[in-house]
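Colleague: Chain residues, written in single-letter form:
Number of protein chains: 2
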Amino acid sequence: MSDTRPIGVFDSGLGGLTVVHELREALPNERLIYLGDTLRCPYGGRSIDAIRTFSREITTFLMKQNVKMIVVACNTVSAVALQDVIEVAGNIPVLGVVGPGCRAALHTSVDKRIGVIGTKATVRAGAYGNGIRALDERVTVYEKACPLLVPLVEEGFAENKVTELMLEEYLDELVDFGVDTLVLGCTHYPLLSKQIHRVLGGRIEVIDSAWWTAREAKQILGDRGELAVEREGNDRFYATDMTEEFTRLASIFLRGQMDSVVEIDLHNELTEIQ
Amino acid sequence: MSDTRPIGVFDSGLGGLTVVHELREALPNERLIYLGDTLRCPYGGRSIDAIRTFSREITTFLMKQNVKMIVVACNTVSAVALQDVIEVAGNIPVLGVVGPGCRAALHTSVDKRIGVIGTKATVRAGAYGNGIRALDERVTVYEKACPLLVPLVEEGFAENKVTELMLEEYLDELVDFGVDTLVLGCTHYPLLSKQIHRVLGGRIEVIDSAWWTAREAKQILGDRGELAVEREGNDRFYATDMTEEFTRLASIFLRGQMDSVVEIDLHNELTEIQ
Numbered sequence: 093m094s095d096t097r098p099i100g101v102f103d104s105g106l107g108g109l110t111v112v113h114e115l116r117e118a119l120p121n122e123r124l125i126y127l128g129d130t131l132r133c134p135y136g137g138r139s140i141d142a143i144r145t146f147s148r149e150i151t152t153f154l155m156k157q158n159v160k161m162i163v164v165a166c167n168t169v170s171a172v173a174l175q176d177v178i179e180v181a182g183n184i185p186v187l188g189v190v191g192p193g194c195r196a197a198l199h200t201s202v203d204k205r206i207g208v209i210g211t212k213a214t215v216r217a218g219a220y221g222n223g224i225r226a227l228d229e230r231v232t233v234y235e236k237a238c239p240l241l242v243p244l245v246e247e248g249f250a251e252n253k254v255t256e257l258m259l260e261e262y263l264d265e266l267v268d269f270g271v272d273t274l275v276l277g278c279t280h281y282p283l284l285s286k287q288i289h290r291v292l293g294g295r296i297e298v299i300d301s302a303w304w305t306a307r308e309a310k311q312i313l314g315d316r317g318e319l320a321v322e323r324e325g326n327d328r329f330y331a332t333d334m335t336e337e338f339t340r341l342a343s344i345f346l347r348g349q350m351d352s353v354v355e356i357d358l359h360n361e362l363t364e365i366q
Numbered sequence: 093m094s095d096t097r098p099i100g101v102f103d104s105g106l107g108g109l110t111v112v113h114e115l116r117e118a119l120p121n122e123r124l125i126y127l128g129d130t131l132r133c134p135y136g137g138r139s140i141d142a143i144r145t146f147s148r149e150i151t152t153f154l155m156k157q158n159v160k161m162i163v164v165a166c167n168t169v170s171a172v173a174l175q176d177v178i179e180v181a182g183n184i185p186v187l188g189v190v191g192p193g194c195r196a197a198l199h200t201s202v203d204k205r206i207g208v209i210g211t212k213a214t215v216r217a218g219a220y221g222n223g224i225r226a227l228d229e230r231v232t233v234y235e236k237a238c239p240l241l242v243p244l245v246e247e248g249f250a251e252n253k254v255t256e257l258m259l260e261e262y263l264d265e266l267v268d269f270g271v272d273t274l275v276l277g278c279t280h281y282p283l284l285s286k287q288i289h290r291v292l293g294g295r296i297e298v299i300d301s302a303w304w305t306a307r308e309a310k311q312i313l314g315d316r317g318e319l320a321v322e323r324e325g326n327d328r329f330y331a332t333d334m335t336e337e338f339t340r341l342a343s344i345f346l347r348g349q350m351d352s353v354v355e356i357d358l359h360n361e362l363t364e365i366q
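Which chain is which? The protein sequence lines are Z and W, in order.
Taking this note's numbering, the leading residue of the first sequence gets 93, the next gets one more, and so forth.
Taking this note's numbering, the leading residue of the second sequence gets 93, the next gets one more, and so forth.
Just so you know, these hints were derived from the structure itself, not from any lab.
Some hints could be false.
Said to hold, decoys possible - Simulated crosslink set (EDC-like; lysine to aspartate or glutamate; CA at most 20 Å straight-line):
| id | chain 1 | residue 1 | chain 2 | residue 2 |
| --- | --- | --- | --- | --- |
| 1 | Z | K212 | W | E265 |
| 2 | Z | K212 | W | E324 |
| 3 | W | K253 | Z | E265 |
| 4 | W | K212 | Z | E336 |
| 5 | Z | K160 | Z | E308 |
| 6 | Z | K253 | W | E261 |
| 7 | W | K253 | Z | D141 |
| 8 | Z | K253 | W | E251 |
| 9 | Z | K253 | W | E117 |
| 10 | Z | K212 | W | E247 |
| 11 | W | K253 | Z | E256 |
| 12 | W | K204 | W | E265 |
| 13 | W | K212 | W | D141 |
| 14 | Z | K156 | Z | E337 |
| 15 | Z | K253 | W | E247 |
| 16 | Z | K253 | W | E324 |
| 17 | W | K212 | Z | D333 |
| 18 | W | K236 | W | E261 |
| 19 | W | K236 | Z | E336 |
| 20 | Z | K236 | W | D333 |
| 21 | Z | K253 | Z | D264 |
| 22 | W | K204 | W | E256 |
| 23 | W | K212 | W | E229 |
| 24 | W | K156 | W | E324 |
| 25 | W | K253 | Z | D264 |
| 26 | Z | K236 | W | E247 |
| 27 | W | K236 | Z | E308 |
| 28 | Z | K212 | W | D264 |
| 29 | W | K253 | Z | E260 |
| 30 | W | K204 | W | D176 |
| 31 | W | K212 | Z | E337 |
| 32 | Z | K253 | W | E336 |
| 33 | W | K253 | Z | D351 |
| 34 | Z | K156 | Z | E324 |
| 35 | Z | K253 | W | D264 |
| 36 | Z | K236 | W | E336 |
| 37 | W | K160 | W | E117 |
| 38 | W | K236 | Z | E247 |
| 39 | W | K212 | Z | E247 |
Given the sequences, and given the hints that come with them, work out the whole structure.
Modeller: Here it is as structure tokens:
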């Protein structure tokens with residue numbers, strides 16, 4: 093039996109397309125529905141109440157599209173509002189990017205000293221630290237907010253010496269702390285993977301949450317007998333604001349073809365749903 | 093006669109508090125009402141339609157507070173939605189930060205070669221270029237988007253070598269272009285004034301739009317006989333989202349005391365108004 097219902101994926105903006113990229117690699121037969129809340133991104137600096145409200149709105153919208161699973165590609169939402177998504181999603185499985193990152197880090201670290209980099213909201217919530225310690229309380233986790241990395245990636249400075257200097261500023265502390273594993277706790281950071289490896293000098297294992305999330309999504313759907321055997325139709329992309337840079341940014345993160353994008357007014361959509 | 097009605101000031105976020113700082117210096121008797129749209133900032137990457145809608149909503153809210161003048165502290169709004177503010181404001185004067193910056197630059201430049209730095213939205217709209225050329229079409233204006241400067245200031249890297257390297261990346265082109273005057277076309281940039289002077293090496297005059305805006309606001313109210321002779325009550329601050337970093341950021345920009353802040357839901361406020 094082929095379960096042709098789509099997988100719903102959402103993020104505060106377009107960074108979550110790095111997770112779409114990995115889902116496409118791991119699950120080429122699955123049809124994806126992506127929503128980027130470009131009108132209200134970035135969530136990183138918003139209050140927790142605002143992030144919870146936004147997450148419930150988006151989940152309600154995705155449920156209306158008859159998705160069989162929801163992947164929360166946003167670290168901030170996974171950190172502070174995953175429970176809200178689970179509540180609204182009811183019986184279908186929900187997978188945030190934080191859990192797979194925690195499990196992979198724990199599996200990888202030998203010395204049980206793990207570093208995590210992310211946005212301020214993710215770090216402030218202590219999401220990875222709490223998640224990892226819940227699995228093994230002997231692990232020491234050092235979480236570090238790196239808020240400049242997102243704009244540097246988005247502005248095309250990934251290859252510039254400014255970014256390398258910034259990475260040194262941010263990562264030196266983690267190296268001094270003696271971590272043997274570093275979790276990339278933000279959708280944008282896989283695009284700095286090469287530079288991060290260079291600054292770390294090969295001494296530290298780097299965990300890409302997006303890659304591990306796609307792997308776990310495949311496992312969950314397989315266990316439930318809900319995999320699609322063959323692809324039916326194209327992926328669908330929704331955005332809450334069609335910014336002028338949409339196409340440029342999408343191509344950075346997706347590293348692949350984006351079929352047409354539909355702009356939606358979430359408030360109107362939800363009013364119609366009610 | 094003392095006109096004790098307040099002056100309304102708004103910005104997409106907290107950067108506009110640099111304008112409040114200058115207004116307080118120039119007009120110590122005036123009571124100010126500030127609204128920072130922290131729930132939806134930054135506007136720089138949003139579509140023009142979204143920015144126009146937001147500006148109309150905020151102006152409607154300020155009008156309800158019986159303001160005698162509206163100062164648009166946001167360069168992006170001044171660039172793309174000033175006409176919307178003027179329409180909603182009706183008979184009271186509206187002053188954006190772009191106009192005063194243009195007039196001051198034209199007055200200062202000897203060679204008639206002017207550089208402007210700002211957010212992408214401000215530069216994309218060509219606001220300063222169009223404004224300056226409307227005053228004198230012989231002037232050559234070189235506008236340059238510097239999107240990393242806002243996060244660098246907000247993250248406390250103003251004094252760091254990363255910011256100096258970034259400023260060199262951004263400003264070298266303008267120096268090569270031979271400008272003799274540089275307009276700081278973003279609320280945040282006055283906080284980099286010292287570093288900008290250092291990178292420019294004293295060869296170029298720097299125009300702070302916020303300072304000139306406060307000067308023009310005083311002139312306009314004086315001409316209309318609407319100045320307050322003495323202060324009645326404290327300034328009032330509204331924000332659409334009380335983010336965790338509100339206090340830290342406000343103190344960077346305001347360089348002075350912020351009385352209590354009230355969080356408002358703009359949609360509810362406007363529904364009540366209707």
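Colleague: Is it true that the CA of K212 (chain W) sits at most 20 Å from the CA of E337 (chain Z)?
Modeller: holds, 10 Å
Colleague: Going straight from one Cα to the other, do K236 (chain Z) and E247 (chain W) come out at no more than 20 Å?
Modeller: holds, 14 Å
Colleague: Holds or violated: K253 (chain Z) with E247 (chain W), Cα cutoff 20 Å?
Modeller: Holds, because 19 Å separates the two Cα atoms, which is no more than 20 Å.
Colleague: Next pair to validate is K253 (chain Z) with E261 (chain W); report whether the Cα-Cα distance is within 20 Å.
Modeller: Holds - the C-alpha atoms of E261 (chain W) and K253 (chain Z) are around 10 Å apart, at most 20 Å.
Colleague: Taking only the CA atoms, is the gap from K204 (chain W) to D176 (chain W) under or equal to 20 Å?
Modeller: violated, 31 Å
Colleague: Assess, step by step, whether the Cα of K212 (chain W) is no farther than 20 Å from the Cα of D141 (chain W), and give holds or violated.
Modeller: Given that 20 Å is the threshold and the Cα spacing comes to 16 Å, the pair holds.
Colleague: Is the straight-line distance between the alpha-carbon of K253 (chain W) and that of D351 (chain Z) 20 Å or less?
Modeller: The given pair, whose Cα atoms are some 42 Å apart, is violated under the 20 Å limit.
Colleague: Quickly compare the C-alpha distance for K253 (chain W) and E260 (chain Z) to 20 Å and report which way the hint goes.
Modeller: OK: K253 (chain W) and E260 (chain Z) at ~12 Å, within 20 Å.
Colleague: Take the C-alpha atoms of K236 (chain Z) and D333 (chain W), compute the straight-line distance between them, and say whether it is at most 20 Å.
Modeller: The hint is violated at about 24 Å.
Colleague: Between K204 (chain W) and E256 (chain W), is the straight-line Cα distance small enough, at 20 Å or below?
Modeller: Roughly 27 Å between the alpha carbons, so the hint for K204 (chain W) and E256 (chain W) is violated.
Colleague: Does E336 (chain W) lie within 20 Å of K253 (chain Z) when you go C-alpha to C-alpha?
Modeller: violated, 31 Å
Colleague: Tell me if the straight-line CA distance from K236 (chain W) to E336 (chain Z) falls inside 20 Å.
Modeller: Within the cut-off at roughly 17 Å; holds.
Checked against the numbered hints given earlier, this structure breaks hints 1, 2, 7, 9, 14, 16, 20, 22, 23, 27, 28, 30, 32 and 33; the rest are met.
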